[in-house]
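> Fit the two chains together into the complex; they arrive one by one in their own frames, and the hints show the way.
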Amino acid sequence: MSENQKKHTLDPNTWIDKYADYLFNYAVTRVNNSDIAKDLVQETFFAGLKSAKNFEGKAAERTWLVAILKRKVIDYYRKINSNKGKAEVRMNFHQDGESEGNWLEERVPQTWDNDADKSIESEELKSAIDQCIDHLPEKYAMVFRMKTIQEFETEEICKELNITASNLWVIIHRARTQLRRCMEDNWFNN
Amino acid sequence: MFKKLKITCDEATSICDKSQYGEATVFQKIQLNFHFLVCKICSMYTKQNSEMSKVYKMKAKDCKEKKQCMSSSEKEALKKQLQELEA
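If you read the protein sequences in the order shown, they are chains A and B. For the first sequence, the residue numbers in our numbering are 28 to 217. For the second sequence, the residue numbers in our numbering are 2 to 88.
To be clear, the hints were calculated from the coordinates, so they are not data collected in a lab. Just so it is clear, the structure is predicted and the values come from calculations on it, not from any experiment. Incorrect hints may appear among the rest.
Within a straight-line C-alpha distance of at most 30 Å, the following computed DSSO-like cross-link-like pairs (lysine-lysine) qualify [as the list claims (entries may be wrong)]:
1) A:186 / A:99
2) B:5 / A:97
3) B:65 / A:145
4) B:60 / A:145
5) A:34 / B:80
6) A:85 / A:45
7) A:85 / A:65
8) A:99 / B:67
9) B:68 / B:80
10) A:34 / A:186
11) A:99 / B:81
12) B:76 / A:106
So here's chain B without its partners, still in its complex pose (with noise of 0.2 Å):
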């Protein structure tokens, strides 16, 4: 039982990368937090994992508000390739 529950340092941070995102397994959650007991380190990660979080959260609201184009001048360009390759 405890030998299932016992992870690396790098599979705990694996798990906390993916619970970011709301993939984590309730399994991969209950060895996490056993992961917590017995490692400060992963602990911090975890916390400040969290704050990244809110900054890339920030970020992709930022680029849902921008809508990218192309300028009509690449366009008018484009259009002369492809008319060129029509002919």
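Bound conformation, chain A alone (with noise of 0.2 Å):
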């Protein structure tokens, strides 16, 4: 232990026990899967390792291992945003021409069933979101996620993915009219 009280130290053997639950909830709370958030936490610990020597004690244990992961959480954006000849998203509606931006005549969102069974709380339901956001291209799935069932501010999931505002609202729009569109065919008018 350093004799500076203000210094921070590291000890790697207590690393494990001490921060892998906070760092494997803060990555699955971003990638939304707990073997790659599993991944990103090993890599965070052997890339501390490997840097410990260039440690200067300016920042707390945790908060120096989490500006790694922090780190780690970015590639595995930029790497499943290049995923090229991956699906994108299905387009709902004219890219150009005369009616660039009106509805695609077979996407026009349809009147659902007046079901009141389909709209309570159940386990079906919260199965059928989860199926549909599944079917989202991953970058879709990871950026809705974030925003709407994580809840995080739009300012932080923009800097946290290096991106900018309107390009997450791009995202979101093009992930909640899929969305809206999957669970009418899967659930509402099913």
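Structural data, given as structure tokens:
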């Protein structure tokens, strides 16, 4: 232990017991997949150990580890964002020409069956929603979940994933229109 | 004046989505309501969107109540790996 009270030290032997759950929870609320979250936590500890000699003691141990994990999350987002060839969301509006911005005929929202049972809180409803979210391209699912399910502030998501606010709203808009349609087909009018 | 108010269905539903999080501006909301006058589809989208928001809210609540952890066996395995790296 350092003599200087203000200077923080690293003690890798205690990392797992002290921080594994905290870091795992941090990661899983962002990537929503426990296997990926575990990988990110593992990578964080490894990277921490590797660069322990560069630790200047300015930040608390946990803060320092979280900073490493944050970079891992951004790397992960960049990776799923550049998954070329992977499905984009389905377009719902004319993209150009005279009708630009109008609903595509086959994607026009339909009225929902007026069945009260359908909007009642139930396990089936929750799993139907989960399935629809899982059908979104990963990038859309991640941003949508962070904003809507984890209820992060727009600013925080933008900062963490290094995207602009207008970028975020385009993603949210596409995700929500697709989810609405998915729930229409598989739940409300099923 | 009216030209500024006129928006497409794509823009209208974008504003609608944004307002689900309380983040649409006043002017955007005016544009949206103006659009409703001429578009029944988007006005229906908005009603359904609020329904969807309720469902998402319920998922969000579920999520907050659930604390996720790594199992102790996973932690032990990780400890071993870390010790090997340290050695």
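> Take the hints in turn and mark each one as holding or not.
The hints, checked one at a time:
no.: 1; hint: A:186 / A:99; result: holds (14 Å)
no.: 2; hint: B:5 / A:97; result: violated (41 Å)
no.: 3; hint: B:65 / A:145; result: holds (24 Å)
no.: 4; hint: B:60 / A:145; result: holds (16 Å)
no.: 5; hint: A:34 / B:80; result: holds (26 Å)
no.: 6; hint: A:85 / A:45; result: holds (19 Å)
no.: 7; hint: A:85 / A:65; result: holds (27 Å)
no.: 8; hint: A:99 / B:67; result: holds (24 Å)
no.: 9; hint: B:68 / B:80; result: holds (22 Å)
no.: 10; hint: A:34 / A:186; result: holds (28 Å)
no.: 11; hint: A:99 / B:81; result: holds (22 Å)
no.: 12; hint: B:76 / A:106; result: holds (26 Å)
In terms of the numbered hints stated before, the structure departs from hint 2 and from no other.
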